[in-house]
Amino acid sequence: MPTIRPALALACLLLGDPGATGQTPAPDQERNPASPTSARPTDLPAGTVAWIAWHDGARVVDALEALTTAPDLPARVRLALGLARAAAVGATGGMRLEELAHTLSPGRAMLGLTIPPGSDRPRPFLIAEQDGGDREGLDKLLDRLPSDVARVHDDRYLVISDDMAFANQLRSDILPTPKDEAGDGPLLRGAITAAALQRTPPQREPGGVFFLGPLQAAFADAAGLDFTLDLGAEGIRLAATLHGTPLGRGALSALLPHADQPRVVPPRPEGTLASLSLDRSLAHLLRARDDLLRAGEAAQLGGGLTIADALSGGSFVEGILAALDEPFTLFVVAHEPQDNGALEPRLFDLPGFVLVAPLRDPEDQRAPELMQRAFGNLMLADGARRRQQELPSFVTRKLRGPGDVEMLVGEPIDWRGPEPWPVETTISPTLSVAFGHVVLASTVEGTRRALQALCDAASEPGHRADTVVGDHAELDPAALAAMLERNADLLVFDEVMKKGLAPAKARRNLDDLFGVLRGLGPLHIAVEPGPTTTRMVLELEVAR
Amino acid sequence: MNRDPLAPFEPTPREPFDLARSGHLFRRAGFGGSLADRERAVREGPAKTLERLTGRGPGERVDEFEDLPIVKDDGGASLRAYRIWRMLAGRHRLQERMSHLLHDWFATSLVKVGQLGAMSRQLRLFDQLGLGRFDELLLALCQDPAMIRWLDNDSNVAGRPNENLARELFELFALGRGQGYTEHDIQEAARALTGWTVKDQRFRVEHRRHDDGTKQILGARGAFDGEDLVRITAERPESARFVARKLLAFFVHPEPADDEIEALAARYRAFGRDLGATLRVLLTSRLFFSERAYRSRIKDPVDLVVGTVRNLGATASPMDLGSEALGMGLGIGEPPSVEGWAQERAWLTSATWLRRANFAGRLAQGAFHCDPAPRAVLDGGTPTERAEHAVALLLDSRIGEPSRARLDAFLRTPAAHDDAALLHAVMLLPEAQLL
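One line per chain: the protein sequences are D and W, in this order.
Counting from 1, one number per residue, gives the positions in the first sequence under the numbering used here.
Counting from 545, one number per residue, gives the positions in the second sequence under the numbering used here.
Worth flagging that the hints you see were computed from the coordinates, not collected in a lab.
One should not assume that every hint holds.
Said to hold, decoys possible - Computed from the model, here is a short list of chain D residues facing chain W with C-beta under 8 Å:
id, residue
1, Ala488
2, Phe493
3, Lys498
4, Lys499
5, Leu510
6, Asp511
7, Leu513
8, Gly515
The beta carbon of each residue, even a glycine, is placed where N, CA and C say it ideally should be.
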């Protein structure tokens with residue numbers, strides 16, 4: 001896939017994980033979270049439900065330092081980080097972070113959570129190898145800990161927990177694992193056990209089932225989840241493998257129509273700030289609502305569908321949704337400020353939200369007809385309501401878009417108030433069916449851009465469409481910052497009104513946020529189901 | 545002895561300008577103030593303090609959001625929050641108080657006006673003209689789009705006059721019910737206002753819909769239009785007494801005496817109907833600082849929520865405070881009728897009392913983004929010392945014997961060691977409900 005694959009491959013080269021290329025790892029490469037992992041100093045204590053291990057505390061500190069000294073970070077943020085470092089120095093009696101890391105965990109270390117048998121309360125613990133550590137420094141450090149923190153330490157291990165008996169037992173149970181040469185491995189390694197995954201409460205409301213239902217089905221009998229985290233001047237990469245799959249899980253599996261098969265995603269419109277591509281069958285969720293949802297919510301959804309059927313003059317599920325293929329891709333497209341001539345400036349530069357889905361049958365005439373009818377009737381009903389409430393209303397009209405295709409647009413009436421246009425007049429709901437896709441957007445500008453991208457792809461000889469497996473999300477933080485900055489006055493106003501901050505302080509906070517966003521490169525999140533495992537990746541680059 | 549009720553207040557050892565009088569001035573003319581501000585006022589005296597509460601330099605911006613239109617379609621929440629924020633954080637305390645009075649006096653509701661921008665602009669008009677000449681304010685309101693929509697003057701046309709605006713102009717805005725006008729005067733006044741309408745949310749005179757015939761209004765005769773009507777009305781002696789009564793009832797005592805009204809009306813006329821100049825006399829008078837005025841009013845919900853936060857020297861979420869005041873019965877931008885809100889005892893019902901008590905409890909716990917957290921503002925010391933500090937912060941260091949007994953009883957309970965509980969107990973004393 002041209003857009004996403006290079007990022008993965010680059011990260012793979014930088015971080016040295018062959019799985020990052022998207023290739024299925026060989027069976028002997030797959031890790032079992034229950035098996036000993038050489039980065040950690042000991043076997044897992046009984047009842048451990050989650051743990052993170054590292055093999056060199058100083059390396060963790062170095063990586064954090066590298067990340068937080070990125071050149072584009074705002075001065076105030078760097079100052080805040082400096083103050084935090086200074087506070088840590090104060091709390092440890094003058095020890096610098098590097099020294100602290102060396103003293104506390106000069107070798108391998110593990111931070112974990114256990115749930116003792118018969119208890120429901122998670123108990124945290126830290127086990128750190130002390131080989132070659134600064135014993136005197138450690139004693140001084142431990143003296144500064146609150147008296148209710150239980151600690152056991154000798155020449156080989158330091159154990160810290162919230163209960164002395166538990167800490168003692170941990171120390172006596174330590175079975176050292178052989179050391180590895182993990183210096184070039186991931187910075188942090190961790191796992192969540194099956195027992196912990198199965199404690200997640202089941203999703204029963206429509207949004208939760210739609211977005212998280214399949215993943216939760218995979219949690220239900222997964223063998224566990226293990227992950228690695230790497231961070232450095234280039235960025236952050238969190239890669240996880242869930243040892244379970246949502247495929248073959250009954251009604252919930254049917255929510256993933258393409259399972260582990262690649263499917264084509266629509267081309268990105270120009271000015272895309274963020275995108276979310278979901279391989280999810282809304283039609284299946286609505287059909288199986290009585291099985292998947294709580295009774296009250298299923299009934300409420302049924303009532304809504306009756307209205308949707310009336311608006312479209314046919315079956316909303318079977319006539320419209322069933323005619324759409326997955327994935328459903330949502331693009332958030334920046335609004336480009338334009339010269340409105342005599343018109344007054346807009347109050348808020350709201351981005352366009354553009355939903356693009358392929359038609360199963362590009363020659364289908366019936367489904368587009370139902371969609372247009374539903375759209376027109378919805379605009380009519382909403383317009384009547386808005387006029388009744390003397391709110392700015394919309395008039396439906398047909399416009400021509402890129403490729404001379406037709407767009408059905410709910411256009412806001414011209415605003416003639418003394419102030420700039422209110423927020424609702426930055427919206428122009430638009431529907432278009434063209435190039436084998438349905439495009440539904442909150443702005444006509446967003447629709448134009450999505451159509452232009454589809455049109456360009458259709459007219460490009462030998463065009464190779466992007467494909468992905470599972471769900472993918474991308475965000476361009478710097479572009480998002482630029483969009484937010486154009487609305488800074490309103491955002492400051494909102495902050496002041498909601499939190500009572502002084503306007504100058506609210507503006508400084510926002511400037512800091514914009515600065516951090518500008519300092520970040522693209523963010524990419526992927527969840528890819530496989531036949532036996534599910535792969536999850538979060539990558540965030542730091543702008544250079 | 546000077547029998548003029550508006551004679552200037554001169555502090556004496558018997559009647560000092562102490563924390564109680566300073567607190568009274570801050571509450572009535574500025575939605576309260578921090579203990580540090582009130583103590584400084586004691587040192588500087590009432591005249592200097594009033595100057596601080598009043599002043600805005602020439603050309604100084606009203607606030608950072610002056611140019612930002614508030615037209616967010618959120619049921620008026622942003623508008624309420626913005627007004628509360630000005631009361632909390634604004635430097636022009638007296639102006640905010642005056643705007644609060646005028647919103648009740650010229651009560652106009654978003655529920656009918658429907659346009660947040662228009663409603664917002666009417667409230668800003670109060671800020672701009674509230675301390676200026678009354679006749680100018682009256683004329684601006686008769687030309688205000690929100691008012692025109694509210695009182696249907698957009699359907700007041702020659703041949704089919706609509707009397708709503710003319711009637712309220714006499715009855716509720718400028719003269720008072722039955723004060724020197726007749727039904728015929730109302731009909732003639734309505735004719736003068738024909739053609740005053742709204743186009744594209746701006747005031748416009750539609751001359752072809754204006755009745756330019758001769759009218760007889762309040763004894764005067766001529767081809768009057770709206771401007772003439774406002775001038776004639778504002779010049780009436782009944783109007784001076786009406787304005788004086790309004791100011792006295794809001795700033796001094798809910799039931800002013802006749803001699804007090806006459807004295808203030810005379811000052812008002814002498815100052816050329818200048819509300820700001822009139823108020824400065826009133827707010828530095830012996831009458832204002834008299835025992836009769838002190839705690840003679842019941843706090844409306846906005847006085848309560850804004851005043852409590854200001855007295856604590858804190859800031860809080862304007863959105864949350866606006867919502868709390870709404871829950872207690874005062875939704876800024878949404879008065880219940882053209883007569884405004886029922887005041888004084890009407891604010892205290894079993895339902896609103898519960899809401900007030902819960903507000904106090906939650907605020908004491910640090911809700912509503914209150915910063916600093918109220919429990920952090922009490923100095924250390926014994927519970928008794930901290931209780932005295934809380935009474936100084938919130939109640940001018942002055943409470944009656946029954947309240948003292950209640951507080952003493954509370955101090956004997958284990959809860960007295962919890963600063964939030966202590967503050968809550970002080971906020972529930974009857975004095976905390978009085979303005």
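Hint check:
1. Ala488: violated (11 Å)
2. Phe493: Given a least distance of 6 Å, the restraint on Phe493 (chain D) holds.
3. Lys498: holds (5 Å)
4. Lys499: holds (5 Å)
5. Leu510: violated (14 Å)
6. Asp511: Check failed: Cβ of Asp511 (chain D) comes no nearer than 15 Å to chain W, outside 8 Å.
7. Leu513: Violated: closest Cβ of chain W sits about 18 Å from Leu513 (chain D), beyond 8 Å.
8. Gly515: At 21 Å from the nearest chain W Cβ, Gly515 (chain D) fails the 8 Å test, so the hint is violated.
Going down the numbered hints, you'll see the structure goes against 1, 5, 6, 7, 8, while the others check out.
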